[in-house]
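Respectively, the protein sequence lines represent chains A and B.
Residue numbers for the first sequence follow the working numbering, beginning at 155 and rising by one.
Residue numbers for the second sequence follow the working numbering, beginning at 155 and rising by one.
Source of the hints: derived by calculation from the structure; they are not laboratory data.
Possibly wrong hints are sitting among the right ones.
You can't tell identical chains apart in this list, so a pair holds if it fits in one copy or across any two.
As a list, the in silico EDC-like pairs of lysine to aspartate or glutamate whose alpha-carbon atoms are at most 20 angstroms apart [to be verified]:
| hint | residue 1 | residue 2 |
| --- | --- | --- |
| 1 | Lys206 | Glu162 |
| 2 | Lys344 | Glu249 |
| 3 | Lys163 | Glu193 |
| 4 | Lys250 | Glu169 |
| 5 | Lys320 | Asp289 |
| 6 | Lys206 | Glu195 |
| 7 | Lys312 | Glu292 |
Keep in mind the model is a prediction, meaning the values are calculated, not measured.
There are 2 protein chains.
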Amino acid sequence: MNFSASIEKLIEEFEKLPSIGHKTAVRLAFHILNSSTEECEKFAETIVNAKKNLRYCSVCNNISDTDPCEICSNAKRDKEMICVVEDVRDIAQIEKTHEYNGVYHVLNGVISPMNGIGPNDIKLKELITRVGSNDVKELILATNPNVEGEATAMYISKLVKPFNLKVTRIAHGIPIGGDLEYVDEVTLAKALENRTEL
Amino acid sequence: MNFSASIEKLIEEFEKLPSIGHKTAVRLAFHILNSSTEECEKFAETIVNAKKNLRYCSVCNNISDTDPCEICSNAKRDKEMICVVEDVRDIAQIEKTHEYNGVYHVLNGVISPMNGIGPNDIKLKELITRVGSNDVKELILATNPNVEGEATAMYISKLVKPFNLKVTRIAHGIPIGGDLEYVDEVTLAKALENRTEL
Chain A
155 MNFSASIEKL IEEFEKLPSI GHKTAVRLAF HILNSSTEEC EKFAETIVNA
205 KKNLRYCSVC NNISDTDPCE ICSNAKRDKE MICVVEDVRD IAQIEKTHEY
255 NGVYHVLNGV ISPMNGIGPN DIKLKELITR VGSNDVKELI LATNPNVEGE
305 ATAMYISKLV KPFNLKVTRI AHGIPIGGDL EYVDEVTLAK ALENRTEL
Chain B
155 MNFSASIEKL IEEFEKLPSI GHKTAVRLAF HILNSSTEEC EKFAETIVNA
205 KKNLRYCSVC NNISDTDPCE ICSNAKRDKE MICVVEDVRD IAQIEKTHEY
255 NGVYHVLNGV ISPMNGIGPN DIKLKELITR VGSNDVKELI LATNPNVEGE
305 ATAMYISKLV KPFNLKVTRI AHGIPIGGDL EYVDEVTLAK ALENRTEL
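Produce the complete structure using the sequences and hints provided.
So, in structure tokens, the structure goes:
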């Protein structure tokens, strides 16, 4: 106990956050103490409010203040195209590209037998119901390009076969701005395999 | 605006903190949203309480829940020895060594003409009053070993000359566990200059 009790408590709270070690927690705590009382109260209020207003979209599982979420309730979005992602944050990443106008489906995880996560532990049933009951034309599988993500994508593509719709997987290849020298062999092999004609 | 309004607000609040960029802010915000309502409320409460309970010790300027602070009001601490530091956090660093039993004086900064900070902008007057009115035997100058810290230490040592007390500066040299190969020349020169007899 090197600081006074209330500061130590604040430091402890910051240490609970991911990727925040003791030194950073101390710096953050002192930043808070150096800001005005109004700012502190605003910060505290924002935390409580964000948690209080938290809703899950009943259509796509996106985190939202409203239900259905802003994307699902937007009439301009193409409801015939569903992009399947692992996590809510992936939606924000894809939205940033401004290239996608369809809707989403958040799985809230991937199938991972190693961690005891089976098909019933993620929002797969909901996806199937959605695909079955709506006029969906294309399913874009945008799970992460790792073992679990690939396996989940394969699993979903087999699962939706009976619905006879277009199932696509996001492309693998060399990142823009990347350097051939530093790209791993698997990615490079994929990039060669999926080469496009100019 | 990629997330819902209350989440964006929370992310913005986290982004205001030092060394927290957008990606980290998003990760922290989602960590908060994934924890329980009680935990969120506790975090919020801790922030407000820490700010509310914040006091400055009227003796040494240390941040504390009480006035005078725990160190100044501790009868076992040697009041004849004052260690002068730049920042409240430096006290915690020195306390961690368990080697120092005197009291402290926090300057709340250093003299830095480049940043428009003169002797009157830091708690120097208070230090002189303290040295003059108490039975102080030694003043340890523990400002940081950079240009401003050294200059401030020199300035203080001249300022307290009339009081005829022992004024010391923390030692410069090679850090324990360091490697001669990676030590800069100035530090190495200092280490040679201040070599001690075995």
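Evaluation of the provided hints:
1. Taking the shortest Cα distances, lysine 206 and glutamate 162 sit within 20 angstroms of each other only across copies (14 angstroms), while inside one copy they are farther apart (27 angstroms).
2. With identical chains, the CA atoms of lysine 344 and glutamate 249 are never at most 20 angstroms apart, being 25 angstroms at best within one copy and 56 angstroms at best between copies.
3. Taking identical chains as interchangeable, the C-alpha atoms of lysine 163 and glutamate 193 lie at most 20 angstroms apart whether they share a chain (19 angstroms) or sit on different chains (13 angstroms).
4. Taking the shortest alpha-carbon separations for lysine 250 and glutamate 169, only the inter-copy value of 18 angstroms comes in at or below 20 angstroms, while the best intra-copy value is 30 angstroms.
5. When the C-alpha separation of lysine 320 and aspartate 289 is checked against a cutoff of 20 angstroms, the pair qualifies only within one copy, where the shortest distance is 12 angstroms, while the shortest distance between copies is 86 angstroms.
6. When the C-alpha separation of lysine 206 and glutamate 195 is checked against a cutoff of 20 angstroms, the pair qualifies both within a copy, at 16 angstroms, and between copies, at 10 angstroms.
7. For the identical chains of this complex, lysine 312 and glutamate 292 are intra-copy neighbours only, at 14 angstroms inside a copy versus 79 angstroms across copies, given an alpha-carbon limit of 20 angstroms.
Checked against the numbered hints given earlier, this structure breaks only hint 2.
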